[in-house]
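Student: In order, the protein sequences belong to chains A and B.
Using my numbering, the letters of the first sequence map in sequence onto residues 113 to 494.
Using my numbering, the letters of the second sequence map in sequence onto residues 113 to 494.
I should point out that these hints are in silico values taken from the structure, not numbers from a laboratory.
Idealized CB from N, CA, C, for every residue including glycine.
Check each hint, because a few of them may be wrong.
Said to hold, decoys possible - Residues from chain A shown here face chain B by an in silico Cβ test under 7 Å; the list is partial: (1) 279; (2) 353; (3) 439.
What the hints assert, rightly or not - Simulated restraints, written as ranges between beta carbons of each label pair: (4) 376/B to 170/A: 53 to 61 Å; (5) 433/B to 304/A: 28 to 36 Å; (6) 170/A to 483/B: 35 to 43 Å; (7) 279/B to 487/A: 43 to 51 Å.
Claimed, not checked - Lysine-lysine pairs mimicking DSS-like chemistry, simulated, CA-CA at most 27 Å apart: (8) 435/A to 491/A; (9) 435/A to 435/B; (10) 287/B to 435/A; (11) 435/B to 491/A; (12) 435/B to 491/B.
This is what each chain is made of:
2 protein chains.
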Amino acid sequence: MNPSHLNGPVLILGTGLLGASIGLGLRSRGIDVVLADSSPSAQAVAVDIGAGRPLQPGTDLEPELVVVAVPPDVTAAVVAAALRNYPAAVVVDVASVKASVLAELQALLLSGTAEPELPAASIPVPPGVELTRYVGTHPMAGRERSGPVAARGELFTSMPWVLCPSGDSSAAAIKTAQSLAIDLGAVVFRFAPAEHDAAVALVSHLPQIMSSLVAGRLQDAPAHALSLAGNGLRDVTRIAASDPSLWVQILGANAAPLVAILEQVRHDLDRLINTLHAPAAPGARLDLAQLISEGNAGQGRIPGKHGGPAQQYAWLTVLVDDKPGQIARLLTEIGQIGVNIEDLRLDHSAGKEMGRVELSVMPNRRVGLVEELTDRGWKVIL
Amino acid sequence: MNPSHLNGPVLILGTGLLGASIGLGLRSRGIDVVLADSSPSAQAVAVDIGAGRPLQPGTDLEPELVVVAVPPDVTAAVVAAALRNYPAAVVVDVASVKASVLAELQALLLSGTAEPELPAASIPVPPGVELTRYVGTHPMAGRERSGPVAARGELFTSMPWVLCPSGDSSAAAIKTAQSLAIDLGAVVFRFAPAEHDAAVALVSHLPQIMSSLVAGRLQDAPAHALSLAGNGLRDVTRIAASDPSLWVQILGANAAPLVAILEQVRHDLDRLINTLHAPAAPGARLDLAQLISEGNAGQGRIPGKHGGPAQQYAWLTVLVDDKPGQIARLLTEIGQIGVNIEDLRLDHSAGKEMGRVELSVMPNRRVGLVEELTDRGWKVIL
Chain A
113 MNPSHLNGPV
123 LILGTGLLGA
133 SIGLGLRSRG
143 IDVVLADSSP
153 SAQAVAVDIG
163 AGRPLQPGTD
173 LEPELVVVAV
183 PPDVTAAVVA
193 AALRNYPAAV
203 VVDVASVKAS
213 VLAELQALLL
223 SGTAEPELPA
233 ASIPVPPGVE
243 LTRYVGTHPM
253 AGRERSGPVA
263 ARGELFTSMP
273 WVLCPSGDSS
283 AAAIKTAQSL
293 AIDLGAVVFR
303 FAPAEHDAAV
313 ALVSHLPQIM
323 SSLVAGRLQD
333 APAHALSLAG
343 NGLRDVTRIA
353 ASDPSLWVQI
363 LGANAAPLVA
373 ILEQVRHDLD
383 RLINTLHAPA
393 APGARLDLAQ
403 LISEGNAGQG
413 RIPGKHGGPA
423 QQYAWLTVLV
433 DDKPGQIARL
443 LTEIGQIGVN
453 IEDLRLDHSA
463 GKEMGRVELS
473 VMPNRRVGLV
483 EELTDRGWKV
493 IL
Chain B
113 MNPSHLNGPV
123 LILGTGLLGA
133 SIGLGLRSRG
143 IDVVLADSSP
153 SAQAVAVDIG
163 AGRPLQPGTD
173 LEPELVVVAV
183 PPDVTAAVVA
193 AALRNYPAAV
203 VVDVASVKAS
213 VLAELQALLL
223 SGTAEPELPA
233 ASIPVPPGVE
243 LTRYVGTHPM
253 AGRERSGPVA
263 ARGELFTSMP
273 WVLCPSGDSS
283 AAAIKTAQSL
293 AIDLGAVVFR
303 FAPAEHDAAV
313 ALVSHLPQIM
323 SSLVAGRLQD
333 APAHALSLAG
343 NGLRDVTRIA
353 ASDPSLWVQI
363 LGANAAPLVA
373 ILEQVRHDLD
383 RLINTLHAPA
393 APGARLDLAQ
403 LISEGNAGQG
413 RIPGKHGGPA
423 QQYAWLTVLV
433 DDKPGQIARL
443 LTEIGQIGVN
453 IEDLRLDHSA
463 GKEMGRVELS
473 VMPNRRVGLV
483 EELTDRGWKV
493 IL
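Excised from the complex, chain A in its bound form:
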C-alpha cells in the first residue's frame, strides 16, 4: 500500500455537495466509502450516484477515516460522536471555519456529551476520547451550489484544501487528512485554526460582505440607473448572489476575526466620507489618491495563476459578433499564433448584438498578438 494514500474504508457523515463529492472522488480511486446522512433522501441520492454504500446500523465498521461534512453549527457535535464511536479512526471535518469548531469540540469532550451521528440526542462521551485523532480541514471549493445531485468527484481538483491541526493532532492523523486532500487532487495548505479563520475572513468573508453591501444598494435604484451598469459593477457584485442560509452560518461562526477587519474598513470609510464632505479642502485630493493607491498596492499582492507570484498581465479587448462559434474561432486563431491566454472575460454591458472579449496575456506577447489579430481582420481595442 502506498502510505501517502488512503486505504479505506472511509465513512462520510453528511452527503451534501461536499460529502457526496468526496465519496465520488474516493470511489473513483477504488476506495471503500460508507455514507450516512440524517436525511434518508440525501443519503439515497448519494448512494445512487455512486458516492458509496449506505451505513448499515448495527454492523461493525472500522473506518480508517471519518469525514464529517455536516453544516457548521452541528459539526463539533458530530465530530465528537465520531471520535467516540470509531475509536481507531482519524476524524476530519470540512467546515469553512475552524477555531470555533475546535473550541466547541474541546468543550463537548470536557463536558462529556456529544450528539450521536444520526438521530439528534445527547449521549455521554467517555473520558478516554482524545483530540489526537481529530484534524480540522477546509476544502475551498463548491460553495455556490448544494446537495448531492450537484456532486462531482473532480470538485476539489487543483483547489486549495487547508489542514488546520490543533496542538493535540497526532502526526499520523495529519498525514491521513493530507492523504484525503491529495487523493482528491487538491492543493494542500497548512494553517493554525485561528490563522485560517483570519485568512478566510480577509480573502473570502470580507469580499462577500462588501459585495452584498454594494448589491444591497441596488435594490431601490431606478431601473435606468442600472442600465448603465458595466463590468466593474458586475465583477464586484457577482458573489452577492450567494446563498443566505450558508453565509449566516459562516459569518456567525467567524464573527471575531471578521469584526476586526470590518472595523478597519469602517475607519477607512469614515475617513473617505469626511473627505468627500469637503472635496475642495486642502488635503482632500491626497486622501482620495491614497484610498485608490492603497487599493492598487493591495490588489497587486494577490497571487497570480497557479499560486505563483502576483503577475500583472496585459489586457486587450477584441470585438466579436455575438454568434455561437465566434469566440471559439478567436481563441483557435490565438492558439495558432502561439500565445497562451492567462485570463478571459466576456463583456455584456453593451446594448447591441456585438460582444467584447477581454483577454489577458503575458505583457511581452501583447503587441505582437494585437498586430497578428489585426492582420487577420479582428477588431482589437486598447
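Dock chain B against chain A, hints included.
Tutor: Just chain B now, with coordinates in the frame of chain A:
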C-alpha cells in the same frame, strides 16, 4: 447628407485616449477632424495615428461640433472658451461627471471669464455666449488606459454613451451630440445631469470605492493568507487596479451623490458590525440573512446581456489542461453542440497546471450540454 450623421468638420480639444479614439472613429467615416492638445507631443501622436489634422492657429475654422475631451477639472473652462471661439458650433464634453461641469460652466459664463483652449490664461467671455449650443455627454468606455497611443476607433462600439442636456440645450444641439455617439457605434442614453451623476455614483463610483477598500486591507496581510485567494476576491478587487489620478478627479467632482450612498453603506456596515459583536444574540441570524438576501435582490436587478432584462444564467465548470488551444477546443465543441455561451471565466485560484473554465448558458441548455461534454470526455463539475 443624412441628417442623423455628422458632416464635420469636428474639432477635438484634448487628444488623450478618448479624444484620439473619437478622432479615429470619425476619420474612418470620412469626417474631417481637427485636433488640438495643450501637450504638443500628445497632439503629434494623435495626428500620426490618423485621428485628424492639427489645428493651425490663425486659420479660420468653422466646426460643426467641438468635442472637449480634457480632464474633468478643466472641462468647464475649455467648454466656455469653445462656445466663445466657435459661435456656430455645438460643443460637447466627455467628462465622467456632469452636474458639476454644468454648474461651473454656468458660473463661468455669468462671470464672463473662460480659459482659452490652448495656453492657460483667463480671458473675457462675451455676454452673448449661451448654453443652447452645449450638451454634456459621457461615453462609458476605455477608462483603464490613457493616452492617444491606446486609442482605437472602435472604443465606443456597443458601449453606453449618455447624453445629459441641460434645460438650455437646443434640440439641434442634442441631435448633433446624438449623431456623434451614433456615428461611433455607441448605444445612446439620455439622463438629466444630476440623474446621471447619481446613477454613476451608484453603478460605477460605489463599486470602485468598495473594491479599493477591500484591496486596501490586503496591503499588510500575511502572504500565506493571500495564497487562499479565490475568484471571489479576484472579482471584487479587479477594479481596485484603477488609476488614482483619474479617480481623484472623478470622486472629487461627484462628491455629493457619492456621500449620500456611502452614508447608507456605512449604516448597513454599522448594523452588521453590531450584529457580529453578539452573533449568538436573538435576531443576529436574521440580520445576517437579511444582509445577504438584500444583496441577492439587488444583484438580480442588474440587467443582462445587451441591456436586456436581468437573466439568471446556469453555470457549469469544466476542467481543462492549462495548454494553449484547450479552451479554444472546448468552445469549438460547444459551438458544434449548438449552445451559445452567455458568459465565461477562467479560474486561477488553483495551484496546479489544470485550469477551470466557468461557463454560463441559458438554464434550459445546461443539462444537455453537461451530458454532451461528458460524453466527449470533458470533466464537467457542478
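Student: Output the indices of the hints that this structure fails to meet, ascending.
Tutor: 1, 10
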